[in-house]
Amino acid sequence: MSAAGAAPTPPPAHALLAGGPGLRRRKLVNRTMESTATLAALIAVAVLAIVIVSVLIKGVSAINLDFFIKSPAPIGQSGGGIANSIVGTALLVALASALAVPVGILVGIHTSEFARPSVASSIRFALDILNGVPTIVTGIFVFGLLVVGHVQSGYAGAFALAIIMLPIVARSAHEVLSLVPASLREGSLALGVRRWRTVLRIVVPTAASGMVTGALLAVARVAGETAPLLFTSSIASNLVSTDPSQAFASIPVSIFTLSEEASPAAHAQAWAAALLLIFLVVLLNIVARSVFGRSQARIRRTR
Amino acid sequence: MIKNKTAALAGCAALAFGLAACGSSSSSPSTGSLDTLVGAGSTLVAPLVSEWQPEYDKKTKVAVTYGAIGSGGGIAQITARTVDFGASDAPLSEDQFKEAKGVVQIPWALAATVIAYHLEGAPNQLKLTGPVLVEIYKGKITTWNAPQIAALNPGVTLPATKITPIHRSDGSGDTFAFTNYLSHISPEWSSQIGHATEVNFPVGIGAKGNSGVGGAISSTNGAIGYIAIAYVLQNKFDYALIKNAAGNYPVPGIPSISAAAKTLTSVPANNEVSIVDPPASAPQAYPISTFTYALVPEKAPKASTLKPFLKWAIHEGQTFGPKLDFAPLPEQVVKADEATIEKIGS
Amino acid sequence: MKRSAASGAVLGRGPSPRRALPPRGEAGVADRLGDPGLRLLALLASVASMVLIAALVYKVFDQAGESISHFGLGFVTANVWNPVTRSFGAASFIYGTAVSSLIALLIAGPMSIAIALFLTELAPVRVRRPVATLVELLAAIPSVVLGLWGIIVMAPFLNNTLEPALRSILGWIPLFAGSASPFGLLPAILILTIMTVPIVAAVTREVFQTVPTELKESALALGSTRWEMVRMVILPYAKSGIVGASILGLGRALGEAIAVTQVIGDETGIHVSLFAPADTLASRVASTYQGATSTLEISSLAYLAAILLVFALIANAIARLIVRRSTLRMRAAGPRPGLAVTVAEAQV
Numbered sequence: 010m011s012a013a014g015a016a017p018t019p020p021p022a023h024a025l026l027a028g029g030p031g032l033r034r035r036k037l038v039n040r041t042m043e044s045t046a047t048l049a050a051l052i053a054v055a056v057l058a059i060v061i062v063s064v065l066i067k068g069v070s071a072i073n074l075d076f077f078i079k080s081p082a083p084i085g086q087s088g089g090g091i092a093n094s095i096v097g098t099a100l101l102v103a104l105a106s107a108l109a110v111p112v113g114i115l116v117g118i119h120t121s122e123f124a125r126p127s128v129a130s131s132i133r134f135a136l137d138i139l140n141g142v143p144t145i146v147t148g149i150f151v152f153g154l155l156v157v158g159h160v161q162s163g164y165a166g167a168f169a170l171a172i173i174m175l176p177i178v179a180r181s182a183h184e185v186l187s188l189v190p191a192s193l194r195e196g197s198l199a200l201g202v203r204r205w206r207t208v209l210r211i212v213v214p215t216a217a218s219g220m221v222t223g224a225l226l227a228v229a230r231v232a233g234e235t236a237p238l239l240f241t242s243s244i245a246s247n248l249v250s251t252d253p254s255q256a257f258a259s260i261p262v263s264i265f266t267l268s269e270e271a272s273p274a275a276h277a278q279a280w281a282a283a284l285l286l287i288f289l290v291v292l293l294n295i296v297a298r299s300v301f302g303r304s305q306a307r308i309r310r311t312r
Numbered sequence: 081m082i083k084n085k086t087a088a089l090a091g092c093a094a095l096a097f098g099l100a101a102c103g104s105s106s107s108s109p110s111t112g113s114l115d116t117l118v119g120a121g122s123t124l125v126a127p128l129v130s131e132w133q134p135e136y137d138k139k140t141k142v143a144v145t146y147g148a149i150g151s152g153g154g155i156a157q158i159t160a161r162t163v164d165f166g167a168s169d170a171p172l173s174e175d176q177f178k179e180a181k182g183v184v185q186i187p188w189a190l191a192a193t194v195i196a197y198h199l200e201g202a203p204n205q206l207k208l209t210g211p212v213l214v215e216i217y218k219g220k221i222t223t224w225n226a227p228q229i230a231a232l233n234p235g236v237t238l239p240a241t242k243i244t245p246i247h248r249s250d251g252s253g254d255t256f257a258f259t260n261y262l263s264h265i266s267p268e269w270s271s272q273i274g275h276a277t278e279v280n281f282p283v284g285i286g287a288k289g290n291s292g293v294g295g296a297i298s299s300t301n302g303a304i305g306y307i308a309i310a311y312v313l314q315n316k317f318d319y320a321l322i323k324n325a326a327g328n329y330p331v332p333g334i335p336s337i338s339a340a341a342k343t344l345t346s347v348p349a350n351n352e353v354s355i356v357d358p359p360a361s362a363p364q365a366y367p368i369s370t371f372t373y374a375l376v377p378e379k380a381p382k383a384s385t386l387k388p389f390l391k392w393a394i395h396e397g398q399t400f401g402p403k404l405d406f407a408p409l410p411e412q413v414v415k416a417d418e419a420t421i422e423k424i425g426s
Numbered sequence: 202m203k204r205s206a207a208s209g210a211v212l213g214r215g216p217s218p219r220r221a222l223p224p225r226g227e228a229g230v231a232d233r234l235g236d237p238g239l240r241l242l243a244l245l246a247s248v249a250s251m252v253l254i255a256a257l258v259y260k261v262f263d264q265a266g267e268s269i270s271h272f273g274l275g276f277v278t279a280n281v282w283n284p285v286t287r288s289f290g291a292a293s294f295i296y297g298t299a300v301s302s303l304i305a306l307l308i309a310g311p312m313s314i315a316i317a318l319f320l321t322e323l324a325p326v327r328v329r330r331p332v333a334t335l336v337e338l339l340a341a342i343p344s345v346v347l348g349l350w351g352i353i354v355m356a357p358f359l360n361n362t363l364e365p366a367l368r369s370i371l372g373w374i375p376l377f378a379g380s381a382s383p384f385g386l387l388p389a390i391l392i393l394t395i396m397t398v399p400i401v402a403a404v405t406r407e408v409f410q411t412v413p414t415e416l417k418e419s420a421l422a423l424g425s426t427r428w429e430m431v432r433m434v435i436l437p438y439a440k441s442g443i444v445g446a447s448i449l450g451l452g453r454a455l456g457e458a459i460a461v462t463q464v465i466g467d468e469t470g471i472h473v474s475l476f477a478p479a480d481t482l483a484s485r486v487a488s489t490y491q492g493a494t495s496t497l498e499i500s501s502l503a504y505l506a507a508i509l510l511v512f513a514l515i516a517n518a519i520a521r522l523i524v525r526r527s528t529l530r531m532r533a534a535g536p537r538p539g540l541a542v543t544v545a546e547a548q549v
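Residue numbers (the numbering used here), protein chains in the order written: chain A, 10 to 312; chain B, 81 to 426; chain C, 202 to 549.
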């Protein structure tokens, strides 16, 4: 038995096997604990349901065509939409991915294909550290780096999001690349294919679906992030903009601003934006998991 | 099949780059062009600015972007030059002028900070005084039916609800105006807490922005808070009548704000105009009226876009004020502003 | 290829090496440069990442420089935040961060263990996947949406119903004394709990799934009830994994700024009552950084961010070390790809 720590002494064997006087009490304790565990799971699901249903009920009433294509109305007036935020989030996430996904995959390639194991584990540890940086601190970092002395910009916001995405992409890339069987690599090298072609044309495509999963999960994560954008891309135009040298409005920051207002119209828009954001994030998660899940199913079938 | 997925991903990334590199849009030209102005700051003036934005865009094709992050934010961002103009209800202090390195303040709107409350079972326009407000915000008066409040409102049955004082958690010009008023009428407040865009309130709940204060007030029975007048109007909050130096309880609005502004004798060189707690010679003046300033660098790279905007704001822009309870700027302030705007160069 | 069907099936059979061969006659400069080229590119990416992390830590401490030299380490214990007198201190925010995160963990920990047990032992097999997915979806809800729900739905409920009830039942405990308030430590704790549970539950579940079946079955065969089997076999075996998962959740709770700042009331000062408004390190930075008008205040806020960074990094590093040890044991236990843990950890 592996060293799992000293287990408490079990009841003597005859008591376990023969039933005995304590059996009813033990069964009661067992039933209680089982119910508690089930209750806990139900509470978790219930809380999720409460939140999602709140968002659904309150958000659906404010969703109309205007919501998607119009810009925000002047303060205090009703109507208008969050078109600028929708486009802004899409562009911020696209820019962040364009930055983080290639770099993350390259880091994954480095740690799984080229680096010595000790170097690789230090790099991976450092990336784990980066993953643990609170997003508000990332925002302060990028603010000091890219905004002070210049202006808030889509580039700064995307850079902040990319910093958050990087460890997720790099780690999942490393995991999948390490899973590629050595025989694939060896076979290719034995046939005279150069190392770089082996990596790029054989190893990476084999691992591609896992990397797509990692990228999608990273996107789902940053699509809902507010803190890194607060100082880097929050003073944004009401009009739809595709110019990254100025700040982009974004759905999370809009929700944040609207949530603090008093008017029911603002709240309704906040709920609708929240509904949209949840829908997006859940969709991305489902797609990512189905990509991963399909491979899981294949394993189960081969067992 | 798998290759196509990677290719698709690469294609999306390329598309994103392409979109970004394009950098053009029907409504927001790229940076460096003179057709955008980015400003940030005061939430008090934000409703007026949001009226200005579409109008000015229609008139001159200049898109003004404004972030209502609070007056403290306006001062901080213009000091860091991350915006083209800042907006603050609080005038800059000596130190702030020094740190901002060459910024001028231009009073461009006139409004008031109102004491709003949410109290079920009580009527609108309860009477309060400055000293009572001091006690409330120091946590000494804790329920609405306290004798000090009841004494000011004879004939009104006040419920025993707990008072929750709301204050601003961000750097706020309304905090400045409110604490400035309290410091004027209470030496105790002045020495213990003082006045600034951000002070250490001993009790209460903090909320972000005038909207946040409004949100906190509307969702908490018994809440009282200081909030810009435009927000009281929009959300139809109950508001208190504050006793002024003459002993009257003027209703906060354009007449009482203008009365307070009339007590201004002259505009000093740095354009700091304070009309808080006007003297008794203005019997109908609202005691917590405040100007709000545009903060602009003296050497502004976008001077040629900025100057027409500021000029428009202090003239035509004022016509959008009355429906939000912004009073028109007094003549002498407009003259001083014009002189300051002329001095802005690039 | 068929030999490695198990792990190969995670990824697909892979393209034939022949596709990787350069067309005849092309094996020239490009081909020879490719190797060092790719190595260099990959190395650059790794170096850039390391530089990024170092730059981040450096820049935050650098921005805090003025405050650090002005206040020194006394900042950490000073319970004051007064921009008028220019005295700043982190104590009340450290208190708020510690109390909110630790109590959230206190609630989330046992609850996550219970959920993980439900999902691995108790639930009928067909129910497991859907419920597990639902719990993981809870982790995917953006914090700003939870904050919105907290402001509009939870805060009035706490102010009008829950807090008065707690005060009347448990008011003799100082934690539940004090007047009800819509914003304060309690809503922040509840929201942090909602955010922490899915993370801890997901990692705990993975750890539970590595417990060798023979151990579990032998306990059951000897006649122990299911709970006794859990208590004697699963929990001791998974102890370090549970601790690791909890600290992972703690790290996430420490750094949460947005949802907390929406419901915590933004007050300085240390109060015992959970109902009282308070503030945390992350939340104070989020609400005030953009509007601080003196350089001393700005750098004091950066000092708060630096303290937060240190806390979060320590918690995260400890958690990773513990979880990695469990993960290695997981890999040794069977052909279960580490991607499952990645999927769970990606939510952190």
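These are calculated hints, taken from the structure and not from any lab test.
Just to be clear, a hint being listed does not mean it is correct.
[Claimed, not checked] Quick look at which bits of chain A chain C covers, simulated, 3 or more residues with Cβ under 8 angstroms:
id : segment
1  : 90-98
2  : 132-140
3  : 159-171
4  : 201-214
Think of the CB as a built atom: it goes at the ideal place given N, C-alpha and C, for glycine as much as any other residue.
Evaluation of the provided hints:
1. 90-98: Not satisfied, violated; 0 residues make the cut.
2. 132-140: holds (count 8)
3. 159-171: violated (count 0)
4. 201-214: Coverage by chain C holds here, the residue count being 12 at a Cβ distance below 8 angstroms.
The structure is inconsistent with the numbered hints 1 and 3, although it conforms to all the rest.
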